[in-house]
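Chemist: Okay, here's what each chain looks like letter by letter:
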Amino acid sequence: MKQIDLVIIGGGPAGMSAAVAAYESGVRNLLILERDAHLGGILQQCIHNGFGLHRFGEELTGPEYAWRYEKQVWELNIPYMLNTMVLDISPDKVVTATNSEEGIFQIQAKAVILAMGCRERAKGALNIAGTRPAGIYSAGTAQKYVNLKGYMPGKNVVILGSGDIGLIMARRMTLEGAKVHAVCELMPYSGGLARNIEQCLNDFNIPLKLSHTVVEIHGKERLEGVTIAKVDERRRPIAETREYIPCDTLLLSVGLIPENELSKTASVPLDRVTGGAVVDQDRQTEVEGIFACGNVLHVHDLVDYVSEEAEIAGKSAAAYIAGENAEKVDVALHTDGKIRYTVPQRITQKKAVTVFFRVADVYRNVTVKVKDGDNVVYSRKKPKVAPGEMESITLKPETFANAGALSFELEVQ
Amino acid sequence: MIRELTCIVCPKGCPLKVELENGAVMNVTGFTCPRGKQYAIDECTHPMRTITSTARTDNGEVIPVKTDRTVPKESMFDCMTEINKAVVRLPARIGDTVIENILGTGANVVATANMD
Ligand code: SF4
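Chains as they are written, first to last, in my numbering: chain H, 7 to 419; chain V, -1 to 114.
Just chain H, with the same shape it has in the complex (with noise of 0.2 Å):
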């Protein structure tokens, strides 16, 4: 069996950026496995901008977010196998994999990083009344028609979700010359950025429905409309509130989930918020040598933060096949369901520690505090706080060294 010390599973953001930030820890036998055709996994089709501020100061489309560390891992030379697919990763870190070339082949690797991304909540989880005719995707997919193959599904479009793919692709019809009729979202906020609702909608006077769903959809073989609705607070559609929008497209863009197959086959343990692995600070999974980052461990509003964790990842992977390791501890940190989720959801060693959170709903004037039984270890203040703005706070080895758990809470004034 071939030995590679570490072996990244995906070749997107979060995968090219773990590989770069291991080599430069000096990780030299290592390997990317990616299914597709290419690098650079979905910024392929984002090719919108508003990529990069944060990591590289300027404004890039997805293709060329990607391209900067393509560049880097062909310029490093590490190594990585395209349209192959993993098909199991045992606990004891043996990856199965499988393309045309070499057919089914196994791996020991030292340590694993997983880095799959996430994939788009499936249209069938969703129960709307009536009919299943042709014309209804998926935002995500309607983006890989328009950008990657040129086609436009559709002339008439109403779109299910006010997440950001399906703001960016209310746009992107719009100027290639179809009609949006309507954004629908169920919830009273959206869950896409405040910028994408003013660049996207707003400049196209597309009306954003908070509080809206569609309620039944209608048309034999290819949809002819749907019928939307106002909901209560409880989300039920109000009845007198039906409006038909004659339409011969309907985009869902209802969320993302990380894609943890894989992980499921290698016995990780995963969070039932998240949906992604438990990870600790290092974004080590409870599996030991097996890491997570990027949106297959919880999903990112940008693509810089992915890049971000998958270095910490990175570079983690490198200290632990070099056997490094900081002072342990082992702190469990808590929620407290206004708070949904935090990762890492473990502290290990004691070393200062950045923690992602993300709130349950829109609150106003909050005091995020981190609690030590009854002891305040840590506190700030913020106007607001949104589900769809991940959140962060760095502790200190002294806030948490002597600890069991922590909790995470937030004060609503």
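Everything labelled a hint here was simulated from the structure, so no lab data went into it.
Mixed in with the good hints, there may be bad ones.
Said to hold, decoys possible - If the Cβ cut is set under 10 Å, some of the chain H residues that face chain V in the computed set are:
{"no.": "1", "residue": "50"}
{"no.": "2", "residue": "60"}
{"no.": "3", "residue": "154"}
{"no.": "4", "residue": "183"}
{"no.": "5", "residue": "203"}
{"no.": "6", "residue": "208"}
{"no.": "7", "residue": "308"}
Since the model is a prediction, treat every value here as computed from it, not as a measurement.
The C-beta atom is built at its ideal place from N, Cα and C for all residues, glycine as well.
For chain H, the structure is supplied; the task is to place chain V with the ligand on it using the hints.
Modeler: Same frame as chain H, now just chain V with the ligand:
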């Protein structure tokens, strides 16, 4: 008159308030950095946008492109018509000019991906 905007210059999306008098900007509040203030002034006097799209290639595929600087917001659809007329000769590299000075805006349309 007070106009409320969302700054689109970076993902932070600061909420801006612009005080206008007869179309002239008197005061801007809500920005976190100077780029936000400039955005608010531009947006209320001559709004500008970057266009990202795709152009046809000579082998019948599409290649992603963008304007290398912002163009007047009201020219977006006219620019799209021009972009959709263009045919890009392959191979193309990131930054290759596809349309020079599109509609006299001073912006070039450039490729944003490498294609062979
Ligand atoms: S004001 Fe500055 S920080 Fe705020 S959104 Fe605009 S560019 Fe970003």
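Chemist: Can you list which hints this structure breaks, lowest number first?
Modeler: none
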